[in-house]
Amino acid sequence: MPISGRVMPLLEVNNIETYYDSFIEAIRGISIEVKEGQIVTVLGSNGAGKTTLLRTISRVLNDDQPEKGTIEFMGKRIERTDPEKIVRLGISHVPEGRQLFPRLTVQENLRMGTYIRRKDHDLDSDYARVFGHFPVLKDKKSQRAETLSGGEQQMVAIGRALMSRPKLLLLDEPSLGLSPLIVDEIFRIIKKINEEGTAILLVEQNAHRALNVAAFGYVLENGRIVLSDTTKRLEEQEDVKEFYLGITKDGSIKGYKRYKRKKRWR
Amino acid sequence: MIIQQIISGLALGCVYGLIAIGFVLIFKTTAVINFAQGEIMMLGAFVAFTLITIFNVPFVLAFLLTPIICGGIGILLERVLIRPLVGEPVVSIIIVTIGMSITLRAFAGMIWSYDTLAFPLLFSEETIRISSFVIAPVDISIILVTLGLVILLFLFFKFTTLGISLQSLAQNPLASLLMGVSVKQGYSMTWAISAMVGAVAGMIIAPITFLSVNMGFLGLKAFPAAVIGGFNSIPGALVGGVIIGISENLAGIYLPPWVKDIFAYIVMMAVLMIRPEGIFGTHEQKKV
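The listed protein sequences derive, respectively, from chains A and B.
Each residue of the first sequence is one higher than the last, beginning at 1 in the numbering used here.
Each residue of the second sequence is one higher than the last, beginning at 1001 in the numbering used here.
Since the hints were made in silico from the structure, they are not lab data.
Each hint should be verified, as a subset may be incorrect.
In silico lysine-lysine, DSBU-like type, Cα no more than 35 Å apart, as pairs [as the list claims (entries may be wrong)]:
#	chain 1	residue 1	chain 2	residue 2
1	B	Lys1158	A	Lys138
2	B	Lys1184	A	Lys85
3	A	Lys192	B	Lys1158
4	A	Lys85	B	Lys1158
5	B	Lys1184	A	Lys68
6	A	Lys167	A	Lys241
7	B	Lys1184	A	Lys141
8	B	Lys1158	B	Lys1028
9	A	Lys167	B	Lys1158
10	A	Lys167	B	Lys1184
11	A	Lys241	A	Lys68
12	A	Lys192	A	Lys76
13	A	Lys138	A	Lys85
14	B	Lys1158	A	Lys119
15	A	Lys141	A	Lys192
16	B	Lys1184	A	Lys76
Chain A residues, not near chain B, derived (Cβ > 10 Å throughout) [to be verified]:
#	residue
17	Glu17
18	Arg28
19	Glu33
20	Val136
21	Leu178
22	Ser179
23	Leu181
24	Ile182
25	Gln205
26	His208
27	Glu221
28	Ile225
29	Thr230
30	Lys232
31	Arg233
A virtual CB, placed ideally from N, CA and C, is assigned to each residue, including glycine.
The shape of chain B in the complex, shown without the other chains (with noise of 0.2 Å):
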């Protein structure tokens, strides 16, 4: 019983990494907190439901197309949105990514209605039997693709020039213009990268939480996962979505059933309590 609870809980905590990296990623280049990382999570899930079951484009393909598109819709939210307001202050910006989470809302409403809807399985619902306790096949899929993600995210970051401009452009805008990084461009690639990792991580919550336009609202789960991270550590927002995910499930065990949904915060205050910078976040440093 808990190594199942634990199980699913880190498929949970998987994706809840995965929507908080999207929020690290965006607040290291931007100093922006983007609120809409839910809702572009949710549009994954509804992009990937349309291309399966009203294009019949086959399961795959469109896993891959889905990042795709959701990096074109990121892409045109910081073109129309956010860019505009560069220069402003961040608080402000911070209250456009609000409003653009409620339009995102009102809009997936509009095109898909605000029915719960089923989304196709790729795996069986069958679960497997392992000895004594059971395992989700789908579990270990949301598993599997997050580390296959977020490896593929450390490649980027460590060993393209592209992924070396993203962070050096983070730790210092003057010199990486210096250096003919432009900054528009790569605010723009920070957005695409993020809208990607968060439709992979609607795609893959989607056959757990079922299709509906408030999927968007684990954001607000995502949120404390980033926090103890560090909010600036990529490994620290999995590290911290994952501590989520297993915690509130146990949490749903062993405490009143109230506990649960606010688990999350209760975690991410105790961290806080202990280190204020998060798990894996740095103070910094400045040498005079």
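With the rest of the complex left out, here is chain A (with noise of 0.2 Å):
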């Protein structure tokens, strides 16, 4: 694991603040840090702003967002590039709900990843990658995404992420309506995919996974970072415990206590 100081961030996004569809979903002075190699992740309920802080980097929100604030990937701003030209710069967002191509097969799906190296033709390494790390799909390249499971689905986004070859991953939700077996695999590769050498940052409401799995973590709420600590300083944290991992210490009577809590953050 990387020592935090030593090396450079590879993504530095300063306080960036981020409306979207009429002040619903907003992100309101956000800094986050991903250095080389890291993964990092944002943990936050249920409209919390996480989806939004990922579409804000890779610019697929409105022309206009984010509001103010900067964006720095290897040193170069990008908070006004335009969004095709982001996954040129090597990052790859895994969205959130997969959004496949229904109607191209995994192969076809997969090749979409190699848009940007179109004129590249050393692909078969890259496709080998992707199936040593889901033997699933290689039974299944053939057949239109569409009649997937969702875990498999799954692997063809993140798959398909891995084929631009990014130095930065992009991930939202990947835990969103798997089996937890599924999930552990999932997560599994994740860890691989960081070992070779991406860089993730990982959105996800499943506290519990993305803490054992990251080494850096911020906790959203309502737009805002309320925590930011490594995931070991985390995972000690009563509120992390209480609120997204489920440990109580013997609640008092009543529930009292987390009623205040959950009071004092929101």
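Assembling the complex is the task here: the two chains are given apart, and the hints tell you how they should meet.
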């Protein structure tokens, strides 16, 4: 695991403010940092602004967003870059809900991941790498993506993102709607992808798994960061334990304490 | 007699099919129905005519140059008239395409006059006689060119990354953007391809219908062809065109003369009553 301070930040988000769909989902001044080779996780409940954060980074929101703040990737400002150029810089976004091309085959979906490298003729090793991570997909590569199960679709989505050879992978809720066994496998692969050198910004509701795999974590509430620390220390935080990991110290009578704590954060 | 009518209906149907493919291509990626598709076909015929008779370009070269020129016109039309409207209601854009068709017809009238002109023939007008029935070489040329073009389109959309990216744009614009596909470029490429297909349709039908500014009205029969095919399927559009071409010709023999011109719409309504989504159409299904 890279030691903080010695490694240059790969992604630096400085104080961004994003408004999305008439103020319903908004980010109000978020700063985060992902270092080279690191897994960083952003935790938070529904509507906290996690997806908006990732979409701000990959620029697929309205053109005039983020309203304020800067995003730097490898020392270059990208908060006004065209969305189709973001992936060319080395950021690959696996969006919430997989977003596959339903009537293309698995192989064609993966091929779309190589769109920015379409003049590159050496793609065999990339396919081999993806099929190595997800052997199930190899047997189903001529099937339409819409015929796959949810877990397999998530694998295609991650595989497709890998085909562009990203330096940073943005993962939006990879565990959403999947059975625990499949989630285990997905997180095992996430870890492996990271060990092969790709930095990952992981947005999750499943705090337990996310904290397990990441080195650093942020907790997002109502568009603001309320906590940030190494995952080791986050795991020991009383608030995180209680609200995200579901561990309670013998609760006081009438659940009074829980109410009070929650109140403090909102 | 019947076989002759079927073959000439097949040829005409191929042209309907090609125009319908133009409708389908643009509709699939941009959700817009381009009512100027027939006029783009008309332009194709006039451009080829101009190249051959005025600039004395050899026939084959003119046949290759015309789609390229018309593809350029398609890009221009999209860039100037359609792109500023992206994000506006689709109906507004569709009305712009209707305006586009009227304007193109007027421009063509100013440039080439409103007279009906004869298109130079590549094949002799003499028919080929096989045992008891006769076949016009023009019909055969139309069928062969259409087949070739459809195969070319199939190969492009199935096997090139560019072609797959256009499909992906139609299926999921957000994900395409994340893959690095430029939506703007995709839209203009779609217009270019659709104009090229239209141009080919114009060049192959011109020897039969003669050249006239009003050729574009053939597009009105290609529209039901696209609907019959499901409006989102390229093979469907071609099959729809062939169904209309043949049934229209047969109606011309067996039914009163006034039925022939509206027969395309009668067939369309009959198909929609049995299969509302068209022959090749699919319902969009969303998995939750």
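Now the hints, each set against the structure:
1. Of the supplied pair hints, the one linking lysine 1158(B) and lysine 138(A) holds, its CA atoms being roughly 19 Å apart against a limit of 35 Å.
2. For the given pair, lysine 1184(B) sits about 13 Å from lysine 85(A) by alpha-carbon distance, which is consistent with the 35 Å threshold.
3. A hinted pair counts as satisfied when its Cα atoms are at most 35 Å apart, and lysine 192(A) with lysine 1158(B) qualifies at roughly 33 Å.
4. The straight-line distance between the Cα atoms of lysine 85(A) and lysine 1158(B) is roughly 25 Å, inside the 35 Å bound, and the hint therefore holds.
5. Note on lysine 1184(B) and lysine 68(A): the hinted pairing holds, with a Cα-Cα distance of about 26 Å set against a maximum of 35 Å.
6. The hinted pair formed by lysine 167(A) and lysine 241(A) meets the criterion: a straight-line CA distance of about 32 Å does not exceed 35 Å.
7. Distance hint between lysine 1184(B) and lysine 141(A) is fulfilled; the C-alpha atoms sit about 30 Å from each other, no more than 35 Å.
8. Between lysine 1158(B) and lysine 1028(B) the alpha-carbon distance is near 16 Å, which keeps this suggested pair within the 35 Å criterion.
9. The hinted pair formed by lysine 167(A) and lysine 1158(B) meets the criterion: a straight-line CA distance of about 30 Å does not exceed 35 Å.
10. A distance of roughly 26 Å separates the Cα atoms of lysine 167(A) and lysine 1184(B); the hinted pair therefore holds under the 35 Å criterion.
11. For the hint linking lysine 241(A) to lysine 68(A), the alpha-carbon distance of about 33 Å falls within 35 Å, and the restraint holds.
12. Taking the CA atoms of lysine 192(A) and lysine 76(A), the gap is near 28 Å; set against the 35 Å cutoff, the hint holds.
13. Proximity of lysine 138(A) to lysine 85(A) is assessed by CA-CA distance (about 30 Å); at most 35 Å being required, the pair is judged to hold.
14. With a C-alpha separation of about 17 Å, the suggested pair lysine 1158(B) and lysine 119(A) falls inside the 35 Å cut-off, and the hint holds.
15. For the proposed pair lysine 141(A) and lysine 192(A), the alpha carbon gap of about 22 Å is at most 35 Å, so the pair holds.
16. With a C-alpha separation of about 25 Å, the suggested pair lysine 1184(B) and lysine 76(A) falls inside the 35 Å cut-off, and the hint holds.
17. Distance check on glutamate 17(A): its Cβ is at least 22 Å (rounded) from any Cβ of chain B, clearing the 10 Å threshold; non-interface status holds.
18. Once the 10 Å rule is applied to beta carbons, arginine 28(A) is consistent with being away from chain B; the minimum gap is 24 Å.
19. No beta-carbon of chain B is positioned within 10 Å of the beta-carbon of glutamate 33(A); the least distance is around 23 Å.
20. Here valine 136(A) stays apart from chain B, with its beta-carbon at least about 18 Å from theirs, past the 10 Å limit.
21. For leucine 178(A), the non-interface assignment is confirmed: its Cβ lies about 14 Å from the closest Cβ of chain B, beyond the 10 Å cut-off.
22. Non-interface call for serine 179(A) relative to chain B: holds, since the shortest CB-CB distance, roughly 16 Å, exceeds 10 Å.
23. Non-interface status of leucine 181(A) relative to chain B is upheld: no Cβ of that chain comes within 10 Å, the nearest being about 20 Å off.
24. Isoleucine 182(A), annotated as away from the interface, keeps every beta carbon of chain B farther than 10 Å; the closest lies near 16 Å.
25. With a closest Cβ-Cβ approach of about 17 Å to chain B, glutamine 205(A) is found to remain outside the 10 Å limit, as its non-interface label requires.
26. With 10 Å as the threshold on Cβ separation, the claim that histidine 208(A) sits away from chain B holds: the shortest Cβ distance comes to roughly 25 Å.
27. No Cβ of chain B comes within 10 Å of the Cβ of glutamate 221(A); the nearest lies about 26 Å off, and the non-interface call holds.
28. Even its closest Cβ contact with chain B, about 25 Å, leaves isoleucine 225(A) beyond 10 Å, as expected for a residue assigned away from the interface.
29. Every Cβ of chain B is farther than 10 Å from the Cβ of threonine 230(A); the closest lies at roughly 30 Å, confirming the non-interface assignment.
30. Once the 10 Å rule is applied to beta carbons, lysine 232(A) is consistent with being away from chain B; the minimum gap is 32 Å.
31. Once the 10 Å rule is applied to beta carbons, arginine 233(A) is consistent with being away from chain B; the minimum gap is 33 Å.
In the structure shown, no violation is registered for any of the earlier numbered hints.
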